[in-house]
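**Student:** Use these hints to put chains S and Z onto chain P, whose structure you have.
Residue numbers (this note's numbering), protein chains in the order written: chain P, 430 to 651; chain S, 430 to 651; chain Z, 1344 to 1612.
Keep in mind the hints are simulated off the structure, nothing from the lab. Every value quoted in this text rests on a predicted model; they were computed, and no experiment measured them. Don't be surprised by glycine CBs; every beta carbon is placed ideally from N, CA and C. Any given hint could be a false lead.
[Unchecked claim] A few chain Z residues facing chain S, derived, Cβ under 10 Å:
id: 1; residue: Met1429
id: 2; residue: Ala1468
id: 3; residue: Phe1487
id: 4; residue: Leu1495
id: 5; residue: Ile1601
[Said to hold, decoys possible] So the derived label-pair ranges between C-beta atoms look like this:
id: 6; chain 1: S; residue 1: Ala475; chain 2: Z; residue 2: Ala1491; range: 22 to 32 Å
id: 7; chain 1: P; residue 1: Asp598; chain 2: Z; residue 2: Ala1589; range: 44 to 54 Å
id: 8; chain 1: P; residue 1: Gly596; chain 2: Z; residue 2: Gln1595; range: 54 to 64 Å
id: 9; chain 1: Z; residue 1: Glu1413; chain 2: S; residue 2: Gly596; range: 33 to 43 Å
id: 10; chain 1: P; residue 1: Asp469; chain 2: S; residue 2: Gly467; range: 40 to 50 Å
id: 11; chain 1: S; residue 1: Gln454; chain 2: P; residue 2: Glu599; range: 53 to 63 Å
id: 12; chain 1: P; residue 1: Gly587; chain 2: Z; residue 2: Ala1491; range: 47 to 57 Å
id: 13; chain 1: Z; residue 1: Gly1483; chain 2: S; residue 2: Glu440; range: 26 to 36 Å
id: 14; chain 1: Z; residue 1: Gly1494; chain 2: P; residue 2: Asp502; range: 11 to 21 Å
id: 15; chain 1: P; residue 1: Gly587; chain 2: Z; residue 2: Gly1494; range: 35 to 45 Å
id: 16; chain 1: Z; residue 1: Gly1494; chain 2: P; residue 2: Lys493; range: 23 to 33 Å
id: 17; chain 1: S; residue 1: Ala602; chain 2: Z; residue 2: Leu1402; range: 21 to 31 Å
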Amino acid sequence: MSAPEPQRPDELVRAVEATLFAAGQPMTAEAISTHLGGADVGEALAELQRHYARRGVHLVERGKRWHFETAPDLAHLLRREREEVKRLSRAATEVLAIVAYHEPVSRAEIEAIRGVQTAKGTLDVLMEAGWVRIVGRREVPGRPVIYATTPDFLTHFGLASLRELPGIDELRAAGLLDPVDDAQIELALGKPDDTGVTTAAWDEDSAEAELPIGLASPGQSG
Amino acid sequence: MSAPEPQRPDELVRAVEATLFAAGQPMTAEAISTHLGGADVGEALAELQRHYARRGVHLVERGKRWHFETAPDLAHLLRREREEVKRLSRAATEVLAIVAYHEPVSRAEIEAIRGVQTAKGTLDVLMEAGWVRIVGRREVPGRPVIYATTPDFLTHFGLASLRELPGIDELRAAGLLDPVDDAQIELALGKPDDTGVTTAAWDEDSAEAELPIGLASPGQSG
Amino acid sequence: MTTDLSPGAPPGDEWDGVASAGTANAALYLELDGWEGPLDLLLDLARRQKVDLRRISILDLVDQYLTYIERAEALRLELAADYLVMAAWLAYLKSALLLPREEQEDPSPEELALRLQLRLQRLGAMREAAARLIARDRLGRDVFARGAPEGLRVDRRNRWQCEWFDLVRAYGDVKVRAEPVVHMVRERMVMTLDSALSRVSAMLGVALDWMELREFLPPPREGEWADPRLRRSALASSFVAALELARTGQAQLAQDEIFGPLRLKAVRG
Chain P
430 MSAPEPQRPD ELVRAVEATL FAAGQPMTAE AISTHLGGAD VGEALAELQR
480 HYARRGVHLV ERGKRWHFET APDLAHLLRR EREEVKRLSR AATEVLAIVA
530 YHEPVSRAEI EAIRGVQTAK GTLDVLMEAG WVRIVGRREV PGRPVIYATT
580 PDFLTHFGLA SLRELPGIDE LRAAGLLDPV DDAQIELALG KPDDTGVTTA
630 AWDEDSAEAE LPIGLASPGQ SG
Chain S
430 MSAPEPQRPD ELVRAVEATL FAAGQPMTAE AISTHLGGAD VGEALAELQR
480 HYARRGVHLV ERGKRWHFET APDLAHLLRR EREEVKRLSR AATEVLAIVA
530 YHEPVSRAEI EAIRGVQTAK GTLDVLMEAG WVRIVGRREV PGRPVIYATT
580 PDFLTHFGLA SLRELPGIDE LRAAGLLDPV DDAQIELALG KPDDTGVTTA
630 AWDEDSAEAE LPIGLASPGQ SG
Chain Z
1344 MTTDLSPGAP PGDEWDGVAS AGTANAALYL ELDGWEGPLD LLLDLARRQK
1394 VDLRRISILD LVDQYLTYIE RAEALRLELA ADYLVMAAWL AYLKSALLLP
1444 REEQEDPSPE ELALRLQLRL QRLGAMREAA ARLIARDRLG RDVFARGAPE
1494 GLRVDRRNRW QCEWFDLVRA YGDVKVRAEP VVHMVRERMV MTLDSALSRV
1544 SAMLGVALDW MELREFLPPP REGEWADPRL RRSALASSFV AALELARTGQ
1594 AQLAQDEIFG PLRLKAVRG
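Bound conformation, chain P alone (with noise of 0.2 Å):
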């Protein structure tokens, strides 16, 4: 490269510096002196500091003990982050959806809701990810914490405020309630009539007031 040719250090220089370099602790000047056989490594110790001072590592004195580190200005590269991109789980995306459509939420109603249990690893991934947050206790028994979705939540979405989530209706409109079979899923809530028959009858209403917190047990419609 350009530089010119680097002058070939002093010998003491030299070894002052391999020992500081191999050293597994910073050494004093008279640890290193001994170690070199007595010489007297002030002078060397200051040019190496000098040689240093402009260099990617640095030799510092620190109580009268001298050693080598990264530059002030460099530590950032001893430690660094990466950001990786990831896609949310099905799974997460799911309780996610459930804590924005239902919050505030315990993890024991979102498990109700999903019918399956919920690792505790979901939602900190969705913690995580700043979109949902602890918001408090539900005064029940156990005062399990109660999640809710976060500013960032809204913001990722580009949501106004969670109104503007598709209700239930819509979502039906669009197809997206339709896996099923219409006549397989529906309802019978009717009640049982005088002559003991009972009229299996679909509840329009009943969609909206779901909430399968608790849900009712068949035994219970008869």
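**Tutor:** Just chains S and Z now, with coordinates in the frame of chain P:
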């Protein structure tokens, strides 16, 4: 103190210098580049190597990986405190050399060169030291595992690559590194018959029946 | 020729007696522990010829080896089998090399000798290479890496990605999955267990004798009860009601044969 004010190196050079100083392990140029956000570090490495060539610490490349180490001419100053290097047995040293000069090589091939069985522990010692590893299987009957050296082997013995192994060109030219399973060099060994006369019989199929490899270990010669 | 074969190497424990026995030749020093097998011994003997391994005299080498083995046997040392096998083979090689040959064997003794020489060369080369390798400036012995590197750390940070559609779709999936749990079939006319229980119980209270289960069902002439699906429901519910009354001790159940008529009678307290 009389030296001219040292030039401040390029920022990338300083960053590479700091990174390699701080790294606990040798790094490839690619790893350094990745760590520094994708910069091309080839020039910086060359400049650093040139800068450090006359100092007490050198920048060296071993098997494509770079690290700083103390200058070899200062070994006499530094050697005294450190006796961390394992002492290798003669057998282990020989096996290591055979692996390095012949790699990849199977245990049977090592034994064919040494003329004795190799204790299992010998290869284990070399693998534990991190100098030898299993790199696959030879696609011959029995599918023996084959061994080769590691980058740490090059680092430890100060070799830029296996081409720098002492005398390797001469040995190759003399045919002394030709594959050891070459049937033409195998010796036939017969069994003494009851008249006490030994008959040599070349067995094409059996490399095992060949020279007195592995009849007994020296230790058994009580 | 065979004296002092392994200078410097201390004898192993099992050789102490021999070494200190002060045998006829005090300089004789046999130490097989020092050899890594017969090939190693041969190589060492070959080196003693102080010539290039390519120019060693195989015949001399064979003699040296055999002398060595003979001396060991004279001292009644127990030699490992491979040393003896090598000795036998070398004796054969020697005789083959010396005797005039009438028919050419394959491989010829000269070729065998050449192979032995090559093997010794190869082993010698590796031994020398090992010595040169081990004498290099080694990291941690002669040269040193930085004693206290700060170390590099890379912290991985995840940036999570999720689309609006995925979110909404996920909610739809949750809804769809949750709903079937509470579904019933539409417009299916049934007789509930409760109504069957009260009907059977009421009729049983006024009955005097055994009655067949079917007699408790509403008569089919009564409008909707003509529907066969509803009749099946009524029969099933009445049967369960009968079982329940029997369980609670209010009724007796009897059936004379499998699939026969099921009869029912009140238990009078």
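**Student:** Indicate, hint by hint, whether the structure satisfies it.
**Tutor:** These are the hints, each one checked on the structure:
1. Hint status for Met1429(Z) relative to chain S: holds, with the closest Cβ pair at about 5 Å, below 10 Å.
2. Interface restraint check: Ala1468(Z) against chain S, minimum CB-CB distance 5 Å, threshold 10 Å, status holds.
3. Annotation: interface hint on Phe1487(Z) holds; nearest CB of chain S at approximately 5 Å, less than 10 Å.
4. At a threshold of 10 Å, the smallest CB-CB gap from Leu1495(Z) to chain S is about 5 Å, leaving the interface hint in force.
5. Among the interface hints, the one on Ile1601(Z) is violated; its C-beta lies about 67 Å from the nearest C-beta in chain S, farther than the 10 Å criterion.
6. For Ala475(S) and Ala1491(Z), the hinted distance range of 22 to 32 Å is satisfied, since their beta carbons lie about 27 Å from each other.
7. A hinted range of 44 to 54 Å holds for the C-beta pair Asp598(P) and Ala1589(Z), which are about 50 Å apart.
8. For the pair Gly596(P) and Gln1595(Z), the beta carbons lie near 58 Å from each other, so the given range of 54 to 64 Å is met.
9. Judged by the Cβ atoms, the range 33 to 43 Å given for Glu1413(Z) and Gly596(S) holds: they are separated by roughly 37 Å.
10. Range check, Asp469(P) to Gly467(S): Cβ separation about 46 Å, and the 40 to 50 Å hint holds.
11. Distance hint check for Gln454(S) and Glu599(P): the Cβ-Cβ separation is about 57 Å, which falls inside the suggested range of 53 to 63 Å.
12. Distance hint check for Gly587(P) and Ala1491(Z): the Cβ-Cβ separation is about 50 Å, which falls inside the suggested range of 47 to 57 Å.
13. For the hinted restraint 26 to 36 Å between Gly1483(Z) and Glu440(S), the CB-CB distance of approximately 32 Å keeps it satisfied.
14. Between Gly1494(Z) and Asp502(P) the C-beta distance comes to about 19 Å, which sits within the given range of 11 to 21 Å.
15. At roughly 42 Å, the beta-carbon separation of Gly587(P) and Gly1494(Z) lies within the given 35 to 45 Å, and the hint holds.
16. Here the CB-CB span from Gly1494(Z) to Lys493(P) is close to 25 Å, well matched to the stated 23 to 33 Å.
17. With their beta carbons about 28 Å apart, Ala602(S) and Leu1402(Z) fall inside the hinted range of 21 to 31 Å.
The earlier numbered hint that this structure contradicts is number 5, and it is the only one.
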